[in-house]
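Just need the whole structure built from these sequences, with the hints factored in.
Note that the protein sequences, when read in sequence, are chains A, B, C and D.
With the UniProt record's numbering as the guide, the letters of the first sequence map in order to residues 1 to 401.
With the UniProt record's numbering as the guide, the letters of the second sequence map in order to residues 1 to 401.
With the UniProt record's numbering as the guide, the letters of the third sequence map in order to residues 1 to 401.
With the UniProt record's numbering as the guide, the letters of the fourth sequence map in order to residues 1 to 401.
Since the hints were derived computationally from the structure, they do not count as laboratory data.
Careful: at least some of the hints might be erroneous.
Said to hold, decoys possible - Cβ-Cβ distance ranges computed for the label pairs, FRET-style: (1) THR278/C with PRO61/D: 29 to 35 Å; (2) GLN285/D with ASP270/C: 40 to 46 Å; (3) GLN285/D with THR278/C: 50 to 56 Å.
Unchecked claim - Below, computed lysine-lysine pairings styled on DSS-like, alpha-carbon distance capped at 30 Å: (4) LYS52/A with LYS22/A; (5) LYS113/B with LYS51/B; (6) LYS398/D with LYS343/A; (7) LYS8/B with LYS185/C.
To be verified - Far from chain A, some chain B residues (derived; all Cβ distances over 12 Å): (8) LYS8; (9) THR11; (10) LEU43; (11) LYS124; (12) VAL142; (13) GLY211; (14) PRO231; (15) GLY356; (16) ASP360; (17) ASP380; (18) GLU381; (19) GLU394.
Given the structure is predicted, the values throughout are model-derived calculations rather than measurements.
Glycine residues also receive a C-beta, built at the ideal position from the N, C-alpha and C atoms.
Below are the chains, spelled out letter by letter.
4 protein chains.
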Amino acid sequence: MDFAISEKMETILGMIREFVDKELIPMEPEFLTNEFRDMEPELEKKRDMVKKMELWAPNHPKEYGGMGLNLMDHALVSEALGRTPIGHYVFGCQAPDAGNIEILNLHGTPEQKDKYLQPLVEGKIRSCFSMTEVEQPGSNPVIMDTTAVKDGDDYIINGHKWYSSSADGAEFAIVMAVTNPDNAKYMQASMIIVPSDTPGFNLVRNIPVMGHAGSGWSSHGEILYQNCRVPQSNLLGPEGGGFVIAQERLGPGRIHHCMRWIGICTRAFDLMVHRANTRMMAPGQPLGSKQIIQAFISESAAEIQAARLMVLQAAWAMETKGHKEARKEVSLIKFYVAGVMQKVIDRALQVHGGLGMTDDTIIAFLFRHERAARIYDGADEVHKASIARRILKEYEGKNIR
Amino acid sequence: MDFAISEKMETILGMIREFVDKELIPMEPEFLTNEFRDMEPELEKKRDMVKKMELWAPNHPKEYGGMGLNLMDHALVSEALGRTPIGHYVFGCQAPDAGNIEILNLHGTPEQKDKYLQPLVEGKIRSCFSMTEVEQPGSNPVIMDTTAVKDGDDYIINGHKWYSSSADGAEFAIVMAVTNPDNAKYMQASMIIVPSDTPGFNLVRNIPVMGHAGSGWSSHGEILYQNCRVPQSNLLGPEGGGFVIAQERLGPGRIHHCMRWIGICTRAFDLMVHRANTRMMAPGQPLGSKQIIQAFISESAAEIQAARLMVLQAAWAMETKGHKEARKEVSLIKFYVAGVMQKVIDRALQVHGGLGMTDDTIIAFLFRHERAARIYDGADEVHKASIARRILKEYEGKNIR
Amino acid sequence: MDFAISEKMETILGMIREFVDKELIPMEPEFLTNEFRDMEPELEKKRDMVKKMELWAPNHPKEYGGMGLNLMDHALVSEALGRTPIGHYVFGCQAPDAGNIEILNLHGTPEQKDKYLQPLVEGKIRSCFSMTEVEQPGSNPVIMDTTAVKDGDDYIINGHKWYSSSADGAEFAIVMAVTNPDNAKYMQASMIIVPSDTPGFNLVRNIPVMGHAGSGWSSHGEILYQNCRVPQSNLLGPEGGGFVIAQERLGPGRIHHCMRWIGICTRAFDLMVHRANTRMMAPGQPLGSKQIIQAFISESAAEIQAARLMVLQAAWAMETKGHKEARKEVSLIKFYVAGVMQKVIDRALQVHGGLGMTDDTIIAFLFRHERAARIYDGADEVHKASIARRILKEYEGKNIR
Amino acid sequence: MDFAISEKMETILGMIREFVDKELIPMEPEFLTNEFRDMEPELEKKRDMVKKMELWAPNHPKEYGGMGLNLMDHALVSEALGRTPIGHYVFGCQAPDAGNIEILNLHGTPEQKDKYLQPLVEGKIRSCFSMTEVEQPGSNPVIMDTTAVKDGDDYIINGHKWYSSSADGAEFAIVMAVTNPDNAKYMQASMIIVPSDTPGFNLVRNIPVMGHAGSGWSSHGEILYQNCRVPQSNLLGPEGGGFVIAQERLGPGRIHHCMRWIGICTRAFDLMVHRANTRMMAPGQPLGSKQIIQAFISESAAEIQAARLMVLQAAWAMETKGHKEARKEVSLIKFYVAGVMQKVIDRALQVHGGLGMTDDTIIAFLFRHERAARIYDGADEVHKASIARRILKEYEGKNIR
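Dropping the structure here:
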């Protein structure tokens, strides 16, 4: 075993960390109080700087203009960018575009790649992923009401989706819809590209989440597809293959998310320790001299370290053993890291006292928005049950004493 | 021991519960998306209904127009009203006015009562309480930078306060300021009434808290007192007696807060159980059929029951043994109930999945704003340390085996 | 509501506490290192003292020589006795005899009362309750392998039981066996009195529990019933009524257990605080000056207070509303109090450091043996699921917002 | 980063695992019910088998007959052996001898090595480490009452130690005693070899721990040193260097302990999953079909994985960066892994129900004895405070936003 990071990556990470500290974190007060839409011109400038530094799209294929980092290396990048909510966006590796890029790269036709993949990697357009439905449990993707029915050379799509993140301003959506209702249950749905200017593509609203509807990339769309007609050539991958592709997409996506969360943890941790050092309870008595605060710090340090190593090990397993073999590891980190993040943010907020509740630091934003981590991409409970069933099966018939 | 509630109170509580359900909860969507300021006319109508039902100002003295309920009975009222964030406001028993009314009633001069107490109880004006300072730990009130210096018949006040809740639109503030710097440390500060139109009373901003600065009653003010001059007749209670009065005020205030939190718990609990019953994971398989969700429900039920009984016992102790004797009980409930509330809200959010993150239910609001409960009126850590020191002292010299 | 304890009870409790401190706790070192069997003569003397003080059998009927305390009052007694593992035994209200006495009192024939109830209350004989089976889940009493088949005027009993606590030296067992396999599932088993000298009553072993098989009252028997023949007049209560009676018995039994656990909590708490006061980390720096230890103390104080009030409220509910109505409360306290106890004992052990692992204090005994509380009389998980199902049902069809 | 284990180590680990399963686990029932002393002849045979397999003393120097594995590789061995309480003993790498061997190897004179190190590595004699004192906090080694005063060519030792593990039957103790009371506080004590047959070496008792005093290697001695005279040539390392050496010894020792705990975790986990698969709640409904049990399994899997990676990373850090640099990592794992172990064992016990309380499985033994892990080698609280102080210092003066 070897826990060392390559020199090349250390260099890249050093550049990223410095950029985050100097260029992005100072933008946070604006991010916290203004509309994302209004920040876009300023963010565009930062993106240009990143491109000039040749750090753009670190995880995306070189042929389309990315850096082509492997899973493990991008995991480290994702950690560094996760320290600020605008990190991934400015470096061109933000969700949901990152996942869509992966799908288009693996399954897109040459035409689809030209039209959608290339400008997406370049950051010229944005996209969204439209799977979750209002009335159906995200945890059970077999139950899906949205349909795509063939009509001539087209599909006609009807359905009600939400949490189509970043739909506001997206050029297109990748929509999951039932195309083959008579297939075996995991083979009924397909992915279809739907340009957002298609008639019948109705962005009902940006869902108000934790007090804000947001805008642009920083929003979660509710979309009503009403007789939305697209050519069958917009089918992405094989018909009925939607779930299989989605599953594929989730693996690396979870690694990226989890490392982003680790980045958030380290940010919250730094703020917590700094506050403990500088907030005086009485002259000469910083908050950090109190043992309960010390316990917060040490427990957070241990949990972050534990969580971080688990994610890196899962990335390694996925690269060396493949998606299927690493499925358990990936499920484990999904709920474990989300849980650690919530605890660390909560402690950081507590250590900041009244200040922690305000938008004068990033912590209150993290507290309320990152709560979603225990829900999206499979709620804690779903992962726990699914991992356990897998483990129970592995042990069946074994003679254990 | 007898855990029964009197018939009279059962009747009152029944009326309140019905009013909350029919008149107030339907206003929540507006509360969640609009400015409080804009809701005021509508809320005024509800207040009139409450007055007609003779349920106005349940905890305030009869002679000023309240119901004069004792601490235990108002605790039960506070629970019922706590189910919605606008409950206490509509019934005329909202913080910080409730506490200010108590202080004015106990310590106000006849002139102060005429001018401030009477219209406050009637709900004609609002007030704020200006104690917490930006640069000093709220947990150590001995360290206070704000000063009130005598000049002729006046005080000249200088200082920087924040978390002066509801300052926006308040008629006056009760300001805590050091008047007697040479006194023993707990006898240095005094309470002084400062009308908000006094020159030098500068409301810098409504602090943005969890993404919103709020307005009117639903806001937290940052106030800069700059050579703010008020007559010495505005002194409230004895000079140097500020901390003693504040301490007195906190006891019953904590009971009210804690029972409001219990109300919040029961609301979140109801929503959680309802969701568990109605959200289908698969046909015929409600979320509530899952054992992890069942554990959420039972653990919440136990913790709410435990917390509720503790608060009622503390109210009883305060009434029968007095403030001083009940100090430990009151500190215990402060941190314990706040902790239970956070857990229950968190579980309710989790059970709602993606919906729980939205403002389509009240839960996301509770999740982010009630987080403050573990901080204001003494952070968890402060209470834990202070209770323990008291207990350790009680055991000193005892022969324990 | 009124949380006061009657003067009469305060007097009784004062006497008991003093007796426990002076007469019983000093016997613990012997209890921890010797066989229970060898302590019996000494314990008999203490029982005589208790009888002389007229505190014998506090919960048992006056007509048989007990004090006839009601549920709430005995709950307080049980708390006071719970401070030491030999408390209930010395006062004649120990499990499993206490439960058997209740059953015999409610369902015994005059002959059964003469023969078994009277000497049991007097402490002249002991008994055991033989329900749990090795191969079947205690949580699902419908699945039971032990049978009692009629043969002439007798029952012939066959089955394999364990956790028949105190079987070693018991005069008789109350055995649960299937008598009516064709009945509805909750009406198949009956309770039958089986004297321990009946041929076919085979005490296989005292089960080694946490390193000790124990002896006498302080043991848990594994019993093999092999063609064990008893007259049908030994049937206790109606045929097929075994589960219903067992259910009845469990309600008050859980109250007693829970209050015993509260007693254990207060004992562990006292030892913890005392240790924190007296163990010096450095000159003038007691362990209790450390904030993490202070947090242990305050959290324990809160949880014990919470748990205690819940049990008393459940006792009150059972007395005023009846067993059925109080079922939820009783299930709640079962798992909640057991959980609190484990946490408190664990903290007390931790505060004692290496000493806490030794048998030089009672804590290590409590740590290992009271772990069973989360298992017997229904494991945590069983109670949580069952309470939740009950609550979910209550909410069905309700319109909740 | 690379998480792969070398082929050589995989082979070794495979042999060890098989040996543990086939030869050692079957001896556990005897271990649980008999005296260790009586098992020694049988264990000696197993040791011979290990020696023949050339797996003896895996962590000890080749020149003395060990395998000379490095820290990381022995960590993996320690995990495999940790699955059974007798694993390390049978493979000749048990505490406290392992630590003493390290000290003797690094600091012993040629004579000391001949006389003590050689037979110790060979398993011909045993030893103990005599540092912890009854009256002084182990967490503050500066406060030590035991003294070694020079008299002629000898030291005369006086003091009261306990938790001198395995003193019963040890050939010698390494005793920590104050030799230089006027030195700076961390330079006052020295390590001195004291043969157990020295007059004045009084083994007062094997301390009864969790109900058992134990015997032989499996015991914890209380030793009174009364004018115990040994030649000054028995000084181990430099005079006054005792703490420094002890500190050195603790680093690798904690790695070994932590990996042993991971082994315990995996054992408890296996038993838990197996039980969940095989215990039927109703026909066709294994315990493992319940979601709460599934949560136990998944949470345990995540925590064990997290803990395991942390220990391996700490081992790597210690090897690549040195003891000092890895101090934080080692402190983190000490409390984190101990905590995970307690949780995993507790869940395993709970899943076993009544069986879990008995000595019919290894779980109850692990539950009660491994509780000590959160205490010895620095209590949780001590590590948490010390890590936090280190972190706080690292952040001092940093500009964090």
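Results for each hint:
Roughly 45 Å separates the CB atoms of THR278/C and PRO61/D, a value that falls outside the hinted 29 to 35 Å. At roughly 44 Å, the beta-carbon separation of GLN285/D and ASP270/C lies within the given 40 to 46 Å, and the hint holds. Range check, GLN285/D to THR278/C: Cβ separation about 52 Å, and the 50 to 56 Å hint holds. With a C-alpha separation of about 16 Å, the suggested pairing of LYS52/A with LYS22/A holds against the 30 Å cut-off.
For the hint linking LYS113/B to LYS51/B, the alpha-carbon distance of about 21 Å falls within 30 Å, and the restraint holds. For a cut-off of 30 Å, the pair hint linking LYS398/D to LYS343/A stands: about 24 Å separates their Cα positions. For the suggested pair LYS8/B and LYS185/C, the alpha carbons sit about 46 Å apart, so the restraint of at most 30 Å is broken. For LYS8/B, the condition that its CB be more than 12 Å from all CB atoms of chain A holds, with the nearest at approximately 39 Å.
No Cβ of chain A comes within 12 Å of the Cβ of THR11/B; the nearest lies about 37 Å off, and the non-interface call holds. Even its closest Cβ contact with chain A, about 20 Å, leaves LEU43/B beyond 12 Å, as expected for a residue assigned away from the interface. Distance to chain A confirms LYS124/B as a non-interface residue, since its nearest Cβ pair spans about 30 Å, more than 12 Å. Not every Cβ of chain A is farther than 12 Å from the Cβ of VAL142/B; the closest lies at roughly 8 Å, contradicting the non-interface assignment.
Not every beta carbon of chain A lies more than 12 Å from that of GLY211/B, the smallest distance being close to 5 Å; the non-interface claim is violated. Every C-beta of chain A lies more than 12 Å from that of PRO231/B, the closest at about 31 Å, which supports listing it as non-interface. Residue-level check failed: GLY356/B sits 7 Å from the nearest beta carbon of chain A, not beyond 12 Å. At roughly 8 Å, the least C-beta separation between ASP360/B and chain A is not larger than 12 Å, which violates its mark as non-interface.
With a least beta-carbon separation of about 7 Å from chain A, ASP380/B fails to lie farther than 12 Å from that chain, contradicting its non-interface assignment. Remark: the non-interface label on GLU381/B conflicts with the geometry, its nearest Cβ contact in chain A lying 5 Å away (cut-off 12 Å). Non-interface call for GLU394/B relative to chain A: holds, since the shortest CB-CB distance, roughly 21 Å, exceeds 12 Å.
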